[in-house]
Amino acid sequence: MSGWKSFWTDQSRQRESKPRSVGINSLIDKGLGYHAFQDLLGIAAEHIDFIKLGFGTAGITPRWLLRAKIELARQHQISLFPGGTFFEVAYRQGDAQAYFQTLLSFGFEWVEISDGSIDLSLRERGQAITLARRLGLNVITEIGKKTEHKAPSIEEFLTIYQHDLAHGATYVTMEGREHGCHVGIYDVHGHVQTNYVQELLTQIDPAKMIWEAPQKKQQTALLELIRSKVNLGNIPANEILAVETLRRGLRSDTFFLWEQK
Amino acid sequence: MSGWKSFWTDQSRQRESKPRSVGINSLIDKGLGYHAFQDLLGIAAEHIDFIKLGFGTAGITPRWLLRAKIELARQHQISLFPGGTFFEVAYRQGDAQAYFQTLLSFGFEWVEISDGSIDLSLRERGQAITLARRLGLNVITEIGKKTEHKAPSIEEFLTIYQHDLAHGATYVTMEGREHGCHVGIYDVHGHVQTNYVQELLTQIDPAKMIWEAPQKKQQTALLELIRSKVNLGNIPANEILAVETLRRGLRSDTFFLWEQK
Amino acid sequence: MSGWKSFWTDQSRQRESKPRSVGINSLIDKGLGYHAFQDLLGIAAEHIDFIKLGFGTAGITPRWLLRAKIELARQHQISLFPGGTFFEVAYRQGDAQAYFQTLLSFGFEWVEISDGSIDLSLRERGQAITLARRLGLNVITEIGKKTEHKAPSIEEFLTIYQHDLAHGATYVTMEGREHGCHVGIYDVHGHVQTNYVQELLTQIDPAKMIWEAPQKKQQTALLELIRSKVNLGNIPANEILAVETLRRGLRSDTFFLWEQK
Numbered sequence: 046m047s048g049w050k051s052f053w054t055d056q057s058r059q060r061e062s063k064p065r066s067v068g069i070n071s072l073i074d075k076g077l078g079y080h081a082f083q084d085l086l087g088i089a090a091e092h093i094d095f096i097k098l099g100f101g102t103a104g105i106t107p108r109w110l111l112r113a114k115i116e117l118a119r120q121h122q123i124s125l126f127p128g129g130t131f132f133e134v135a136y137r138q139g140d141a142q143a144y145f146q147t148l149l150s151f152g153f154e155w156v157e158i159s160d161g162s163i164d165l166s167l168r169e170r171g172q173a174i175t176l177a178r179r180l181g182l183n184v185i186t187e188i189g190k191k192t193e194h195k196a197p198s199i200e201e202f203l204t205i206y207q208h209d210l211a212h213g214a215t216y217v218t219m220e221g222r223e224h225g226c227h228v229g230i231y232d233v234h235g236h237v238q239t240n241y242v243q244e245l246l247t248q249i250d251p252a253k254m255i256w257e258a259p260q261k262k263q264q265t266a267l268l269e270l271i272r273s274k275v276n277l278g279n280i281p282a283n284e285i286l287a288v289e290t291l292r293r294g295l296r297s298d299t300f301f302l303w304e305q306k
Numbered sequence: 046m047s048g049w050k051s052f053w054t055d056q057s058r059q060r061e062s063k064p065r066s067v068g069i070n071s072l073i074d075k076g077l078g079y080h081a082f083q084d085l086l087g088i089a090a091e092h093i094d095f096i097k098l099g100f101g102t103a104g105i106t107p108r109w110l111l112r113a114k115i116e117l118a119r120q121h122q123i124s125l126f127p128g129g130t131f132f133e134v135a136y137r138q139g140d141a142q143a144y145f146q147t148l149l150s151f152g153f154e155w156v157e158i159s160d161g162s163i164d165l166s167l168r169e170r171g172q173a174i175t176l177a178r179r180l181g182l183n184v185i186t187e188i189g190k191k192t193e194h195k196a197p198s199i200e201e202f203l204t205i206y207q208h209d210l211a212h213g214a215t216y217v218t219m220e221g222r223e224h225g226c227h228v229g230i231y232d233v234h235g236h237v238q239t240n241y242v243q244e245l246l247t248q249i250d251p252a253k254m255i256w257e258a259p260q261k262k263q264q265t266a267l268l269e270l271i272r273s274k275v276n277l278g279n280i281p282a283n284e285i286l287a288v289e290t291l292r293r294g295l296r297s298d299t300f301f302l303w304e305q306k
Numbered sequence: 046m047s048g049w050k051s052f053w054t055d056q057s058r059q060r061e062s063k064p065r066s067v068g069i070n071s072l073i074d075k076g077l078g079y080h081a082f083q084d085l086l087g088i089a090a091e092h093i094d095f096i097k098l099g100f101g102t103a104g105i106t107p108r109w110l111l112r113a114k115i116e117l118a119r120q121h122q123i124s125l126f127p128g129g130t131f132f133e134v135a136y137r138q139g140d141a142q143a144y145f146q147t148l149l150s151f152g153f154e155w156v157e158i159s160d161g162s163i164d165l166s167l168r169e170r171g172q173a174i175t176l177a178r179r180l181g182l183n184v185i186t187e188i189g190k191k192t193e194h195k196a197p198s199i200e201e202f203l204t205i206y207q208h209d210l211a212h213g214a215t216y217v218t219m220e221g222r223e224h225g226c227h228v229g230i231y232d233v234h235g236h237v238q239t240n241y242v243q244e245l246l247t248q249i250d251p252a253k254m255i256w257e258a259p260q261k262k263q264q265t266a267l268l269e270l271i272r273s274k275v276n277l278g279n280i281p282a283n284e285i286l287a288v289e290t291l292r293r294g295l296r297s298d299t300f301f302l303w304e305q306k
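Chains as they are written, first to last, in this note's numbering: chain A, 46 to 306; chain B, 46 to 306; chain C, 46 to 306.
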């Protein structure tokens with residue numbers, strides 16, 4: 046930023062630096078190769094906190110490349126983790142423990158635990174979180190069904206949210222899928238159900254929530270609702286600079302946001 | 046895959062390896078540079094059978110790069126070929142033979158023959174296929190018009206399909222364009238016309254067909270109809286791992302597909 | 046191109062080479078890393094005249110990378126410039142001069158001056174253009190508001206267009222944003238308002254206009270209206286070969302365009 050210093054005096058367009066627990070950006074990577082991954086970290090490492098390897102792609106990525114990406118990210122204080130669906134595949138086969146151990150052997154330090162495709166009772170969910178934590182993994186959980194076209198009720202959400210944090214999860218994620226349409230807090234056109242989010246905000250800690258928000262209008266709406274503290278997930282890898290300009294008012298959509306009182 | 050072996054016991058999520066004539070993935074490349082092409086093969090070569098250089102892009106790609114991509118792909122048992130539109134440009138100029146010879150001089154081993162923009166009689170179509178075969182090229186043909194908003198009738202399709210195979214084509218492709226909307230078997234929203242596909246399936250050999258399916262919902266629908274044998278075309282290059290997770294039930298959309306009897 | 050020479054005899058599919066003032070392609074880059082930028086120039090440098098660093102992304106790109114991209118582009122006769130929104134951020138802080146000087150210190154030779162988010166009187170606009178020119182920058186201006194859903198009236202447009210050129214701008218840009226929907230000459234579905242463009246064409250010099258046209262249907266429509274001289278802007282970086290095939294009739298959408306009289 047220092048090259049722009051002479052005219053870059055507006056502190057509202059600055060951001061706190063990593064490591065941070067609010068204002069985090071979590072990306073979705075659907076298969077970046079080695080050069081592209083280097084490029085991503087070269088241009089945007091300071092803006093990235095997490096990178097999720099979407100759904101089960103980790104399972105079909107060559108091992109050398111998986112290890113290389115994990116290590117390269119680690120050097121930039123970025124944590125990789127496989128999408129929750131991969132956990133669900135393992136869980137359904139009765140292999141959750143082997144899954145967690147395999148992650149550790151690759152160098153992963155975080156795991157996502159979800160039941161977007163399978164069904165988990167609260168008890169099973171708690172056991173999985175506890176097991177992952179005991180083995181040494183940090184846990185992000187996700188709430189929401191992939192094929193239901195709405196978020197759980199506020200009460201239901203809060204029950205799981207509190208449960209997961211009590212069992213040792215660091216973050217809880219609101220499901221938004223890769224596309225952000227007709228799922229969770231998004232209607233069929235991808236618009237945010239503002240009332241739901243506002244009600245939720247009265248009862249949760251934004252520093253514990255990650256909102257999957259793959260589309261610009263969703264990122265913008267959540268920035269307007271939650272401001273700079275909002276943790277955004279499922280950001281497409283090639284949109285990270287664009288999202289970061291939204292966060293800093295360097296794009297039309299949020300140009301005046303930080304001037305509002 | 047072996048890193049995941051300890052919990053990766055579900056054979057239904059495995060795939061037969063290359064070379065294969067069913068379950069093939071054919072990508073569309075609209076201008077990948079050298080590093081990006083290396084990345085693609087580095088992360089996904091075992092999942093890729095063909096890469097089409099979309100429409101006439103081959104004609105404006107630097108020669109050194111074209112040769113390098115063909116050779117790099119060949120080392121991974123992947124065949125490149127220019128989009129059919131480029132053949133149509135040459136054919137319309139009366140230069141089909143020079144076109145085929147130029148392809149060979151670059152190292153291409155496959156060619157696509159189509160009449161999506163021009164009109165070819167069956168006789169002209171047969172002559173072009175025969176000429177390409179005689180010169181030593183393998184042939185993929187394509188059926189469908191770029192600007193008609195529906196597939197040919199079943200009868201019409203079958204006539205051309207049988208004609209092309211009889212003249213030496215290895216695969217016949219169902220037109221889907223790059224976007225997959227309002228063309229061939231896709232309606233204006235990109236949904237598959239299931240009845241048409243099901244009727245066609247009673248009369249064709251899936252091992253001879255490639256279905257252009259650029260969108261996830263199309264890939265999913267065709268996997269549900271044709272299962273693991275389906276040959277998918279026009280897969281966006283950056284979606285190959287995502288498509289492969291669909292094929293293996295490593296993504297929500299097909300999570301339970303292979304458990305159904 | 047020479048590899049295809051033997052059958053590549055149709056002059057209508059050729060293009061004049063750089064440097065050129067008509068038929069230019071101006072790309073939008075939202076955060077290409079170093080390898081990707083090398084790839085882009087390696088595959089398409091001869092088809093690219095300008096690359097805009099979208100909105101304020103220049104301000105959060107590492108300095109070494111910004112300098113490297115500017116220099117690499119310069120070697121290929123391609124000019125980089127930051128999006129107009131970044132100018133507007135600086136202007137609103139009262140730092141236009143420092144902004145221009147910082148651009149020069151990085152090696153930028155062009156600047157975009159716009160008022161898509163802020164309001165500038167004609168006089169302020171003229172002063173900014175004059176200042177940039179006096180400091181040694183070439184100027185591209187942009188006409189249109191980011192959040193208005195239509196173009197200015199023909200009269201209003203022409204007033205600003207003539208004003209900007211008279212004050213030393215080299216090109217005037219019609220706003221289309223990154224998405225090309227419900228803005229400027231595009232309706233909510235991204236279709237071109239043909240009447241407006243045709244009326245404008247009777248009173249402007251196409252060699253002085255850049256039309257932001259991020260979508261294929263927009264590029265195609267403008268090629269049909271303005272033919273090979275049209276200057277296209279906001280072309281997504283990964284679409285440059287696709288756009289160039291449109292320009293040369295190497296894609297179905299414009300296959301017959303150059304045969305029409």
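It is worth saying that the hints were derived from the structure and are not from the lab. Just so it is clear, CB atoms sit at the ideal spot from N, CA and C, and this is done for glycine as well. Among the clues, some could well be false.
Facing chain A, from chain B, some residues (calculated, C-beta under 8 Å) [claimed, not checked]:
#1 63
#2 283
#3 289
Now for the hints, and whether the structure bears them out:
A least Cβ separation of about 14 Å between residue 63/B and chain A goes past the 8 Å threshold, and the interface hint is therefore violated. Because the beta carbon of residue 283/B sits about 7 Å from the nearest beta carbon in chain A, less than 8 Å, this interface hint is met. Restraint check, residue 289/B versus chain A: the minimum CB separation of about 5 Å is within 8 Å; hint holds.
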